[in-house]
Structures are given as C-alpha cells and as structure tokens.
Amino acid sequence: MLSSLFLSSLGSGFASVVPVALVIATFWFVAKKKREKSNRVKRKEDAWYILKDYLKRSGRQGYRVYDLRLYPRTNIIISLRDYIKTSRESLEKENARLLNRKVERKSLKTVMVDKWTGKWKKISFPLEEKYHRELELQTLKVLAAQSSYYQSYLQEYNNWSTKAEFQELIKGKLIGESLAKLTKNKKLGSRSRYLVCFKTIDREGRITDWEAIEVELLKVPRKAGADKYKILFTAIIDYRKELHWIYSLQLRHYKDKREALKNAEREARAQARRVKTGKIIYKIFFLDYLIPAATFIRNKVRKN
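The opening position of the sequence shown corresponds to residue 1 in this note's numbering, with each subsequent residue numbered one higher.
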C-alpha cells in the first residue's frame, strides 16, 4: 500500500516537474535566440557606422548604403573548405540553369559514403586557403599596431612560424587554428572577423557594384556588468576574390530579396483586391440597397 502511494506520488511529482523543466528549457532557448539575434543586429549596426566612416574617409560623403551583408569568417579550415565546396556547387547549378543544362546529381548512397568515410574532409583548395592565410596574417599585423592583445598574438606567430611543427601543421590548417593547437591557447584560434559586403548609391542616384571591407570584433572585458565589444576596421577587400566562399551565401541573399519583393507585390495586389471588393460591396448593399430602402421607409412614414 505504502509502495503504491509512494509510486503514485512520485509519478505525480515527476509529471509536474517535466512541464516546468520543459518551460524553463523553452524559455532559455528562446532567450538565447533573442540574444543572438540582438547581437547580430547590433554588430550590423556597428558595421554600418564603420562603413559610413570608411566612405567618408575615401571621399564619398553623401553616398547612401543601398545593401549591406555581414559574413563571419571561419577560424577552422574544414568549415572554410565546406563554404568553398558549397559555393562551387551553387555556381555549377546556377550556370546549368542559365544554360538550360542538367546537372548530374550524386546518388544518396555516394553522398552517405562520402560523409561517413570523411572523404569530404580531405578535399582541399590550396590557392584559396593560401589567400585566407595571407589575409589572416595581414589583418593580424594591422590589429597588432592598435591593441596589446594582438601584439602578443603576433609575437606567438613570430615565435612559431619558422619551427618545423608549425610548418607541418599549417599545411592543413589556418594560422590561428595552428597556433591554438601548438600553444593550447584556444583564444588564438577564436578571432571574430567579419567580411562586410556592400553597395552604395552615389550622389547621382546610381547604384554601385559590390565592394567589401573587413572588420574585427574585439572583446573589451569589464570588471562589472557584461563585456563590451568594439569593431575595428582591418582591410579593404577585393570583393571578387571572396566569391569563392561567399557565392552561395550571396545567391541565397538575392533569392531571399526577390522572394520578399514578390511577397510584397503579392500582398499589394491582394490589398488592392480587398479595397476593390469593399467598394463593390459598399456600392451594392449601401448605395444601391440600404439608401433606397431607407428612403422608401421614410417616405412611407411621412405619408402615414
């Protein structure tokens, strides 16, 4: 009897705990997503101010920002290779679509075998990877002139760059990734670099071609309260040299914009139809029916 009472009470207690735990987990997840979205918005706004300052310094006062995209650079070579691979596949599909040509698709079996055997991880892009390492070092040197933290980072690179261990490791990794592995200091492989792609409208109202700059998010620790961040300008970038990894992201951006425009046009047409239908209903039931009916009743009342 006691055991059954204990089990029933345990069951009811467990049943009450589960919904509470579920609510807490849901609240935490939603709050986390809101924070991430808020951080993305803030970073984009900060990048916008950096961009406006860059335009001013480059003699383009009065230019307006027409389009702005912010792409975080990865610190891991595998992710970079995945971006490049995806962009190449997207480019191939888009070219095939424009030429009305079919693209040969890999079978599901081939895709699964490549995934489970890790074959896709062995794909490398030597020229593109060299470009990213050179840019990684170039921007590090720029930041070292502005921040003591990056000075120590650059010093670590200078200490390791000629050693055999680093030379071997850098063949298949990025600079920060290699230093983090050798020094066991994860911070060296966690730079917050962003590629800022933008279009502007000049003083004559013409939309310019895509351009790009690079910025870096620097964490500024505080003794009390949340840490603050500031964005540092690091380089003027050739936009075309970045397409090897951002092409698929830019293509998605274009498609999203086209879809948003279509939805807006569709909603405008629907609104116009609603207004037109409302006018017809108003005319039929109010002007053509209610007013004559009211006039007829009023005349009848007056005669009586």
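In short, the hints are calculated from the structure, not lab data.
Heads up, a few of these hints could be off.
What the hints assert, rightly or not - Pairwise CB distance ranges, derived in the manner of DEER restraints: (1) Ala96 to Leu68: 28 to 34 Å; (2) Tyr49 to Lys102: 45 to 51 Å; (3) Lys85 to Tyr229: 54 to 60 Å; (4) Lys186 to Leu232: 36 to 42 Å; (5) Thr277 to Thr86: 41 to 47 Å; (6) Tyr49 to Lys186: 45 to 51 Å; (7) Glu259 to Asp82: 53 to 59 Å; (8) Ala272 to Ile78: 32 to 38 Å.
What the hints assert, rightly or not - In silico SDA-like pairs for lysine to any residue, Cα to Cα no more than 25 Å straight-line: (9) Lys199 to Arg101; (10) Lys199 to Ile123; (11) Lys228 to Ala180; (12) Lys219 to Leu243; (13) Lys199 to Tyr54; (14) Lys219 to Tyr54; (15) Lys228 to Pro72; (16) Lys122 to Leu243; (17) Lys228 to Ala145; (18) Lys181 to Ile123; (19) Lys255 to Tyr54; (20) Lys184 to Lys219; (21) Lys56 to Leu143; (22) Lys230 to Lys122; (23) Lys230 to Ile123; (24) Lys199 to Glu211.
The structure presented is a predicted model; accordingly, all values stated were derived computationally and were not measured.
Glycine is no exception: its CB is placed at the ideal position from the N, C-alpha and C atoms.
Okay, the hints, checked on the actual structure:
Separation of Ala96 from Leu68 is about 30 Å and conforms to the stated range, judged on CB atoms against 28 to 34 Å. Checked against the hint of 45 to 51 Å, the C-beta distance between Tyr49 and Lys102 comes to roughly 47 Å, which is consistent with it. In this structure the supplied range 54 to 60 Å is violated for Lys85 paired with Tyr229, their Cβ-Cβ distance being about 31 Å. A hinted range of 36 to 42 Å for the beta carbons of Lys186 and Leu232 is inconsistent with their spacing of about 21 Å.
Checking the proposed 41 to 47 Å range against Thr277 and Thr86 shows it holds: the Cβ atoms sit about 46 Å from each other. As the Cβ distance of Tyr49 to Lys186 is approximately 30 Å, the hint placing it in 45 to 51 Å is violated. Checked against the hint of 53 to 59 Å, the C-beta distance between Glu259 and Asp82 comes to roughly 25 Å, which is inconsistent with it. At about 51 Å, the CB distance of Ala272 to Ile78 disagrees with the hint of 32 to 38 Å.
For the proposed pair Lys199 and Arg101, the alpha carbon gap of about 31 Å is over 25 Å, so the pair is violated. A hinted pair counts as satisfied when its Cα atoms are at most 25 Å apart, and Lys199 with Ile123 does not qualify at roughly 33 Å. Among the hinted pairs, Lys228 with Ala180 is consistent with the structure: their alpha-carbon atoms are about 24 Å apart, no more than 25 Å. Taking the CA atoms of Lys219 and Leu243, the gap is about 28 Å. The hint is violated against a cut of 25 Å.
For a cut-off of 25 Å, the pair hint linking Lys199 to Tyr54 stands: about 13 Å separates their Cα positions. For the hint pairing Lys219 with Tyr54, the CA-to-CA distance comes to about 22 Å; that is within 25 Å, so the pair holds. A hinted pair counts as satisfied when its Cα atoms are at most 25 Å apart, and Lys228 with Pro72 qualifies at roughly 19 Å. With a CA separation close to 22 Å, the supplied pair Lys122 and Leu243 stays within the 25 Å bound.
At most 25 Å may separate the alpha-carbon atoms for a hinted pair to count; Lys228 and Ala145 meet this at roughly 21 Å. Between Lys181 and Ile123 the CA atoms are separated by roughly 21 Å; this keeps the pair inside 25 Å, and the hint holds. Restraint check for Lys255 and Tyr54: the C-alpha separation of about 28 Å exceeds 25 Å, so the hint is violated. Distance check on the hinted pair: Lys184 and Lys219 sit about 20 Å apart at the alpha-carbon level, within 25 Å; holds.
Among the hinted pairs, Lys56 with Leu143 is consistent with the structure: their alpha-carbon atoms are about 21 Å apart, no more than 25 Å. Restraint check for Lys230 and Lys122: the C-alpha separation of about 37 Å exceeds 25 Å, so the hint is violated. With a C-alpha separation of about 36 Å, the suggested pair Lys230 and Ile123 falls outside the 25 Å cut-off, and the hint is violated. Restraint check: the Cα-Cα separation between Lys199 and Glu211 comes to about 6 Å, which is no more than 25 Å; the hinted pair holds.
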